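**Student:** For the protein sequence lines, the chains are C and S, in the order given.
The first sequence begins at 1 in this note's numbering and counts up by one.
The second sequence begins at 1 in this note's numbering and counts up by one.
It is worth saying that the hints were derived from the structure and are not from the lab.
Each hint should be verified, as a subset may be incorrect.
To be verified - In silico DSSO-like pairs for lysine-lysine, Cα to Cα no more than 27 Å straight-line: (1) K138(S) x K343(S); (2) K483(S) x K171(C); (3) K643(S) x K676(S); (4) K641(S) x K171(C); (5) K388(S) x K401(S); (6) K412(S) x K112(C); (7) K138(S) x K112(C); (8) K643(S) x K175(C); (9) K105(C) x K330(S); (10) K185(S) x K23(C); (11) K483(S) x K605(S); (12) K641(S) x K175(C); (13) K320(S) x K297(S); (14) K64(C) x K592(S); (15) K105(C) x K185(S); (16) K574(S) x K605(S); (17) K445(S) x K64(C); (18) K23(C) x K445(S); (19) K64(C) x K122(C); (20) K412(S) x K175(C); (21) K445(S) x K175(C); (22) K555(S) x K220(C); (23) K105(C) x K136(S); (24) K376(S) x K290(S); (25) K23(C) x K122(C); (26) K112(C) x K185(S); (27) K105(C) x K555(S); (28) K618(S) x K138(S); (29) K136(S) x K29(C).
Claimed, not checked - Simulated DEER-style distance windows between Cβ atoms: (30) D714(S) x K220(C): 31 to 41 Å; (31) M728(S) x D167(C): 22 to 32 Å; (32) N225(C) x Q133(S): 52 to 62 Å; (33) D553(S) x K220(C): 42 to 52 Å; (34) K60(S) x D167(C): 30 to 40 Å; (35) S336(S) x L226(C): 46 to 56 Å; (36) Q537(S) x L107(C): 49 to 59 Å; (37) K60(S) x N225(C): 39 to 49 Å; (38) N198(S) x K105(C): 56 to 66 Å; (39) D157(C) x D566(S): 33 to 43 Å.
On a predicted model such as this, the values are computed, not experimentally measured, just so you know.
We put the CB at the ideal spot given by N, CA and C, even for glycine.
Below, each chain spelled out in residue letters.
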Amino acid sequence: MKSSVITFPGSNCDRDMDVALKKFGFKNKMVWHADAELPKSDIVVLPGGFSYGDYLRCGSMASKSKIMQSVINFANSGGMVMGICNGFQILVETGLVPGVLLRNKYLEFICKNVFVKINDKKNKYFKNVNNEVLELHIAHNEGNYFCTNDQLKEIEDNNQIAINYCDENGKIEDKFNPNGSIKNIAGIFNKEKNVLGMMPHPERMIDRSLSGEDGSLFFKNLINNLK
Amino acid sequence: MIVNEQVAVDHGLKKDEYAKICELLKRTPNITELGIFSAMWNEHCSYKSSRLHLKKLPTKGKKVIQGPGENAGVIDIEDNDAIVFKIESHNHPSFIEPYQGAATGVGGIMRDVFTMGARPIANLNSIHFGSPQHKKTKNLLRGVVHGIGGYGNCMGVPTIAGQTSFDSSYNGNILVNAMTLGLVKKDKIFYSKAAGLNKPVIYVGSKTGRDGIHGASMASASFDEKIEEKKPTVQVGDPFTEKLLLEACLELMAGDSIIAIQDMGAAGLTSSSIEMASKGNLGIEINLNKVPCRETKMTPYEIMLSESQERMLIVLENGKEDQAKKIFDKWNLDFSVIGKTTKSKKIELYFDDEKVADIPVDTLVENSPMYDRKWKKAKLPKKNKIKKEDIKHLKIIDVVKKILANPNVCSKEWIWQQYDHTVMGDTVQKPGGDAGVVRVHGTDKAVAASVDSSAVYCWAHPLTGGKQVVCESFRNLISVGAKPIAITNCLNFGSPENDENMGEFVECVQGIGEASEYLKFPVVSGNVSFYNQTKDQGIKPTPTIGGIGLIKDYKNMITMDFKEVDNLVLVIGKTEGHIDQSLFARIILDEKNGPPPEVNLFNEKNNGETLLKLIDNKLIKSVHDVSLGGIITAVAKMCIKGKKGINIKKPKYLINEIEYLFAEDQGRYILEINKKDFKKVADILDKNAVHFDELGTISENELYINDKTKVTIDELSTSNKSWLTKYMSK
Numbered sequence: 001m002k003s004s005v006i007t008f009p010g011s012n013c014d015r016d017m018d019v020a021l022k023k024f025g026f027k028n029k030m031v032w033h034a035d036a037e038l039p040k041s042d043i044v045v046l047p048g049g050f051s052y053g054d055y056l057r058c059g060s061m062a063s064k065s066k067i068m069q070s071v072i073n074f075a076n077s078g079g080m081v082m083g084i085c086n087g088f089q090i091l092v093e094t095g096l097v098p099g100v101l102l103r104n105k106y107l108e109f110i111c112k113n114v115f116v117k118i119n120d121k122k123n124k125y126f127k128n129v130n131n132e133v134l135e136l137h138i139a140h141n142e143g144n145y146f147c148t149n150d151q152l153k154e155i156e157d158n159n160q161i162a163i164n165y166c167d168e169n170g171k172i173e174d175k176f177n178p179n180g181s182i183k184n185i186a187g188i189f190n191k192e193k194n195v196l197g198m199m200p201h202p203e204r205m206i207d208r209s210l211s212g213e214d215g216s217l218f219f220k221n222l223i224n225n226l227k
Numbered sequence: 001m002i003v004n005e006q007v008a009v010d011h012g013l014k015k016d017e018y019a020k021i022c023e024l025l026k027r028t029p030n031i032t033e034l035g036i037f038s039a040m041w042n043e044h045c046s047y048k049s050s051r052l053h054l055k056k057l058p059t060k061g062k063k064v065i066q067g068p069g070e071n072a073g074v075i076d077i078e079d080n081d082a083i084v085f086k087i088e089s090h091n092h093p094s095f096i097e098p099y100q101g102a103a104t105g106v107g108g109i110m111r112d113v114f115t116m117g118a119r120p121i122a123n124l125n126s127i128h129f130g131s132p133q134h135k136k137t138k139n140l141l142r143g144v145v146h147g148i149g150g151y152g153n154c155m156g157v158p159t160i161a162g163q164t165s166f167d168s169s170y171n172g173n174i175l176v177n178a179m180t181l182g183l184v185k186k187d188k189i190f191y192s193k194a195a196g197l198n199k200p201v202i203y204v205g206s207k208t209g210r211d212g213i214h215g216a217s218m219a220s221a222s223f224d225e226k227i228e229e230k231k232p233t234v235q236v237g238d239p240f241t242e243k244l245l246l247e248a249c250l251e252l253m254a255g256d257s258i259i260a261i262q263d264m265g266a267a268g269l270t271s272s273s274i275e276m277a278s279k280g281n282l283g284i285e286i287n288l289n290k291v292p293c294r295e296t297k298m299t300p301y302e303i304m305l306s307e308s309q310e311r312m313l314i315v316l317e318n319g320k321e322d323q324a325k326k327i328f329d330k331w332n333l334d335f336s337v338i339g340k341t342t343k344s345k346k347i348e349l350y351f352d353d354e355k356v357a358d359i360p361v362d363t364l365v366e367n368s369p370m371y372d373r374k375w376k377k378a379k380l381p382k383k384n385k386i387k388k389e390d391i392k393h394l395k396i397i398d399v400v401k402k403i404l405a406n407p408n409v410c411s412k413e414w415i416w417q418q419y420d421h422t423v424m425g426d427t428v429q430k431p432g433g434d435a436g437v438v439r440v441h442g443t444d445k446a447v448a449a450s451v452d453s454s455a456v457y458c459w460a461h462p463l464t465g466g467k468q469v470v471c472e473s474f475r476n477l478i479s480v481g482a483k484p485i486a487i488t489n490c491l492n493f494g495s496p497e498n499d500e501n502m503g504e505f506v507e508c509v510q511g512i513g514e515a516s517e518y519l520k521f522p523v524v525s526g527n528v529s530f531y532n533q534t535k536d537q538g539i540k541p542t543p544t545i546g547g548i549g550l551i552k553d554y555k556n557m558i559t560m561d562f563k564e565v566d567n568l569v570l571v572i573g574k575t576e577g578h579i580d581q582s583l584f585a586r587i588i589l590d591e592k593n594g595p596p597p598e599v600n601l602f603n604e605k606n607n608g609e610t611l612l613k614l615i616d617n618k619l620i621k622s623v624h625d626v627s628l629g630g631i632i633t634a635v636a637k638m639c640i641k642g643k644k645g646i647n648i649k650k651p652k653y654l655i656n657e658i659e660y661l662f663a664e665d666q667g668r669y670i671l672e673i674n675k676k677d678f679k680k681v682a683d684i685l686d687k688n689a690v691h692f693d694e695l696g697t698i699s700e701n702e703l704y705i706n707d708k709t710k711v712t713i714d715e716l717s718t719s720n721k722s723w724l725t726k727y728m729s730k
């Protein structure tokens, strides 16, 4: 399986993603933001970080960079595109997934483990994951997912919510919401479910000695689903 | 502008220093030259009050590749890997403008590390604030934490450990000390020594603006009521540009075109160019019109003294300019050939085709002032005796809860959750333990790091306090299973012109020196911050020690959480019942006087090394060193972290229960072992003459003391975790 990770100026989880993808069997290529062509890929990943310093709206500058036109074309033709954290912010800026990401409710950066409940498994990202709940790690300042009521209705009607913040038993309540996201949304799909944006970082959970191992489950499953 | 004695005094120079400048130059300096002298001769850059004493610190060792004098210290961690590390203060700017002050402190120390060719792999910080009741404290704390996070998070370097304290002596002068560790191949370390004639001198990074002019001079003066006016002297950070600069520099360093490289930190272009020239015994000629400027009509004086961030100066091999420029173009950074090395041994500056400065380098460096300041030796205070009537009404559990909720002991989760501590995917011990631990990427090795300071002990008796901080660092590294290698120090003191403050400095440095010599824990880098005082009021002496240790296999790392019910808990090191200067004395008895606990270096070394042997033999399940709040506080924290209880039995000593549980005697650790290993462990401890007590057995979720007092771990946890969150949300 071939993967591509895009490096924008200010990306800082690009290496971590490269390590994780390779660990679970992907042949990964790092792709520079100023390139025009995407290498042949089974999945394209937009990694976390602070692209262009996030000095404008998070992700907005990166969404206009040269490589993104190819990424958007790739996604529109059904290619798998996954955005993590800043990558998710870039995805909402391109319009590939609906909604926006606001500053966290308490106006502070949050770095900690969270639990998320998988809402939909009829897609190549979560199909065959045995668990209902994953323990993942978040590290962000702008992860407060927001959309209009009409958008929310559409998202729910199409079953586009990928994961919701919850407790270890899968209970989705406001007190388990770390950043104020509407409906505890931690990740969403586009309508066709080939594009996934999510705040949690599975690449930081690939080793028992790190924050946990549920990221391993995610990647093992992902490569199997793509085969 | 005409330069005279008054202008020099306004620049922070003393009258006799100005006379010396005129004598060295054999003429009156012009304003640009005066600015350069004032920047190089201030306390922050010249170490004029401290140099004499710093020379006495042990700086050599088998593992030391580079000691003090470079951008950072370097130690060998085997397999051609080396760790570059240093701690630095950013106290004055952080008080004036907490967000930018703290942010640029973090940015500056990371630059010091990657200047040497190392990729930063971990950040730490030691931050100290005034009393929580003081009107400025909350905003300063919030601003500093946001600033540290804002910079480090954006850079993608994990912040893995830290220390936060509150003390009214910091009401008018907070401390922000930032530390960075970087990883480099031993044969790819870069230094700041220029070499060769007519080599191009290159400016890279951000453009130069008017920010931070005289920052280093500001950091070399006391505060007064006009402090708010100094805001323009604080630099503004741009972590995004620094991230680009990091990547661009590392890309350039992969080749062989760099002769020397130096970041522009305090005193900007002035100190960076002069340091490179001085180390290389060369001259440097710069055309200031070539310096990329952010603002129009900047004068040579402003260009030379700006402390704009995210800039570097590089001496390149001839003919490599185009190749280097390509890399900086790719990362959208300025790149400008601004001058060349010369044989003149002078710093010669040109602007609009005119020579605007012409100063022999040695007058700025070797001939800079060095003072043997007057200092007063501190007396060891008399011991207090605890009166029975003061303690008989005390309920131990209430005291424990009060100590766990004390601002200096309570959980700092509110702070470290705002720092990205897991990026780079190698953090194997997060903040909240005895030391932070990161793996050396792609290997089984891991590096442990800790920052420590004990201002109260140093204030009570500087010599003992200085020793104690080094021992504390040693213990924290051993507690996670790391072999201590070397330290960096950040020496925060009041005015060196006050003989008591100077005495505190001299004796703390002596104490640090004695302990680091004995423990073979050399000082490889550091920084001095004097004038942490407002009017006549100095801070408590606060030397901060950043320690580094190596764990050969990260899977053998130890954490402090209690692991398993029925396991045995031991205390190693003798408890003598030293209550003076303990948290118990200060917050329960309201007794502020008395000597700090004595430091016995033999016991420190022996206890620590024996514990490492036990860890190597895989006999240890968890460890925590005993510090603030004594045995009971250490044990309570292990219970909270492991969500386990314990039955404690005080050993039959002559000292009473209060003394046993709350004393802050040094050289002690709490450890958890499996019952079946007791004999093996006891044998090793006996053979090495290490005193130990059997303290108790791990249980479900309650803490019992001598079968009569008990409390649930949930209750203790609430006491420990709620203070800071509540304080910050009010």
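**Student:** It remains to establish, for every hint, whether it holds in the given structure.
**Tutor:** Here is what the structure says about each hint:
1. K138(S) x K343(S): violated (54 Å)
2. K483(S) x K171(C): Cα-Cα ~44 Å, so violated.
3. K643(S) x K676(S): Between K643(S) and K676(S) the Cα gap is close to 23 Å, so the pair holds against 27 Å.
4. K641(S) x K171(C): It holds: about 24 Å lies between the C-alpha atoms, which stays within 27 Å.
5. K388(S) x K401(S): holds (21 Å)
6. K412(S) x K112(C): At roughly 14 Å apart (the allowed maximum being 27 Å), K112(C) and K412(S) satisfy the hint.
7. K138(S) x K112(C): holds (23 Å)
8. K643(S) x K175(C): Satisfied, since the Cα-Cα distance of roughly 22 Å is no more than 27 Å.
9. K105(C) x K330(S): Violated - the C-alpha atoms of K330(S) and K105(C) are around 37 Å apart, more than 27 Å.
10. K185(S) x K23(C): At roughly 24 Å apart (the allowed maximum being 27 Å), K23(C) and K185(S) satisfy the hint.
11. K483(S) x K605(S): Since the Cα atoms of K483(S) and K605(S) sit roughly 12 Å apart, the hinted pair holds (cutoff 27 Å).
12. K641(S) x K175(C): Measuring from Cα to Cα gives roughly 22 Å; hence the hint holds.
13. K320(S) x K297(S): With Cα atoms ~31 Å apart, K320(S) and K297(S) exceed 27 Å; violated.
14. K64(C) x K592(S): Answer violated: K64(C) to K592(S) is near 62 Å, above 27 Å.
15. K105(C) x K185(S): violated (43 Å)
16. K574(S) x K605(S): holds (14 Å)
17. K445(S) x K64(C): Violated, because 41 Å separates the two Cα atoms, which is more than 27 Å.
18. K23(C) x K445(S): holds (19 Å)
19. K64(C) x K122(C): With a Cα-Cα distance of about 31 Å, the restraint between K64(C) and K122(C) is violated, given a limit of 27 Å.
20. K412(S) x K175(C): Holds: K412(S) and K175(C) sit about 21 Å apart, inside 27 Å.
21. K445(S) x K175(C): violated (39 Å)
22. K555(S) x K220(C): Roughly 23 Å separates the two Cα atoms, so the pair holds.
23. K105(C) x K136(S): holds (24 Å)
24. K376(S) x K290(S): violated (50 Å)
25. K23(C) x K122(C): Measuring from Cα to Cα gives roughly 25 Å; hence the hint holds.
26. K112(C) x K185(S): Judged against 27 Å, a Cα distance of about 32 Å means the pair is violated.
27. K105(C) x K555(S): violated (37 Å)
28. K618(S) x K138(S): violated (44 Å)
29. K136(S) x K29(C): Violated. K136(S) to K29(C) sits at ~50 Å, over the 27 Å cutoff.
30. D714(S) x K220(C): 31 to 41 Å: Holds, at about 37 Å.
31. M728(S) x D167(C): 22 to 32 Å: holds (24 Å)
32. N225(C) x Q133(S): 52 to 62 Å: holds (57 Å)
33. D553(S) x K220(C): 42 to 52 Å: violated (25 Å)
34. K60(S) x D167(C): 30 to 40 Å: violated (54 Å)
35. S336(S) x L226(C): 46 to 56 Å: Distance hint for S336(S), L226(C) holds at roughly 48 Å.
36. Q537(S) x L107(C): 49 to 59 Å: Roughly 34 Å apart at Cβ, these two residues miss the hinted range, so it is violated.
37. K60(S) x N225(C): 39 to 49 Å: violated (57 Å)
38. N198(S) x K105(C): 56 to 66 Å: holds (59 Å)
39. D157(C) x D566(S): 33 to 43 Å: violated (55 Å)
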